[in-house]
Amino acid sequence: QVVTFNTYIDEELKVYVDEFVSEGKKRGFDATPYLKVIDSIKINPEMDYGYLGLYTPTTHPKFKYFYGTIDISEFNVINSRLLRSTVFHELAHACGYRGHACEQCPYILSAKTSISMNYYKNMSLESWHKQVDILFSQIKSIPKEENLIRKYIESLN
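Quick note, the working numbering runs 65 ahead of the 1-based positions in the sequence shown.
Read the hints as simulated data drawn from the structure, not as lab findings. Errors might be hidden in some of the hints.
Below, computed lysine-lysine pairings styled on DSS-like, alpha-carbon distance capped at 25 Å [as the list claims (entries may be wrong)]:
1) K79 - K205
2) K177 - K107
3) K79 - K90
4) K91 - K209
5) K101 - K91
6) K90 - K101
7) K91 - K205
8) K91 - K195
9) K205 - K177
10) K177 - K195
11) K195 - K79
12) K79 - K91
13) K101 - K209
14) K216 - K205
15) K216 - K101
16) K90 - K216
17) K79 - K209
18) K195 - K90
19) K209 - K90
Ranges of calculated distance between the beta carbons of each label pair, as one might list FRET restraints [claimed, not checked]:
20) E210 - V142: 37 to 47 Å
21) I207 - D104: 32 to 42 Å
22) K209 - S145: 31 to 41 Å
Quick caveat, the model's predicted, so the values are computed rather than measured. Glycine residues also receive a C-beta, built at the ideal position from the N, C-alpha and C atoms.
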């Protein structure tokens, strides 16, 4: 029996999760199966200072399946573009992207964000789409044998 969650998603994050799925499909990547093994995607006011978001993967010892949670820092709510970027970043991890593309850079998968709020406020739609292109290229470039979540998702079919 396949165990999947009815993923709980905070109301204000649903639009970004839907956008992630939609943008992925435009670029040849279907994130829908990955969402089925996420327990929740929520804003967490209790997050440690310094984290914008956190994907926590784990395995359940009883059922032996992957599942995870995504927590988004309340700090992100001050800027919708920062919030969207953080949701995309954490969903990329939930799709099997381990680590970060760089320590500190303007990419969605940067380990650190030192970019000012003006960067997000002034980012053009064209710049955002280029960043999303890079993000999905990075996700799709993970060799199947190195993406344990992908291997699990594909084993369910």
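These are the hints, each one checked on the structure:
At roughly 23 Å between alpha-carbon atoms, K79 and K205 fall within 25 Å of each other, so this suggested pair holds. The straight-line distance between the Cα atoms of K177 and K107 is roughly 21 Å, inside the 25 Å bound, and the hint therefore holds. Annotation: proposed proximity of K79 to K90 holds, straight-line Cα distance about 17 Å (limit 25 Å). The straight-line distance between the Cα atoms of K91 and K209 is roughly 21 Å, inside the 25 Å bound, and the hint therefore holds.
The hinted pair formed by K101 and K91 meets the criterion: a straight-line CA distance of about 20 Å does not exceed 25 Å. For the given pair, K90 sits about 16 Å from K101 by alpha-carbon distance, which is consistent with the 25 Å threshold. At roughly 13 Å between alpha-carbon atoms, K91 and K205 fall within 25 Å of each other, so this suggested pair holds. Using a Cα cut-off of 25 Å, the hinted pair K91 and K195 holds, with the two alpha carbons roughly 13 Å apart.
Between K205 and K177 the CA atoms are separated by roughly 22 Å; this keeps the pair inside 25 Å, and the hint holds. Only pairs whose Cα atoms come within 25 Å are accepted, and K177 paired with K195 is accepted, the gap being roughly 19 Å. For the given pair, K195 sits about 22 Å from K79 by alpha-carbon distance, which is consistent with the 25 Å threshold. Among the hinted pairs, K79 with K91 is consistent with the structure: their alpha-carbon atoms are about 18 Å apart, no more than 25 Å.
Between the alpha carbons of K101 and K209 the distance comes to roughly 19 Å, so the proposed pair stays at or under 25 Å and holds. Proximity of K216 to K205 is assessed by CA-CA distance (about 13 Å); at most 25 Å being required, the pair is judged to hold. Using a Cα cut-off of 25 Å, the hinted pair K216 and K101 holds, with the two alpha carbons roughly 14 Å apart. Taking the CA atoms of K90 and K216, the gap is near 19 Å; set against the 25 Å cutoff, the hint holds.
Annotation: proposed proximity of K79 to K209 is violated, straight-line Cα distance about 28 Å (limit 25 Å). Our distance criterion of 25 Å between C-alpha atoms is met by K195 and K90, whose separation comes to about 15 Å. For the suggested pair K209 and K90, the alpha carbons sit about 18 Å apart, so the restraint of at most 25 Å is met. About 38 Å separates the C-beta atoms of E210 and V142, a value consistent with the hinted range of 37 to 47 Å.
Range check, I207 to D104: about 22 Å between beta-carbon atoms, so the 32 to 42 Å window is missed. The supplied range of 31 to 41 Å is met by K209 and S145, whose beta-carbon atoms lie about 34 Å from each other.
When each numbered hint is compared with the structure, violations occur for hints 17, 21.
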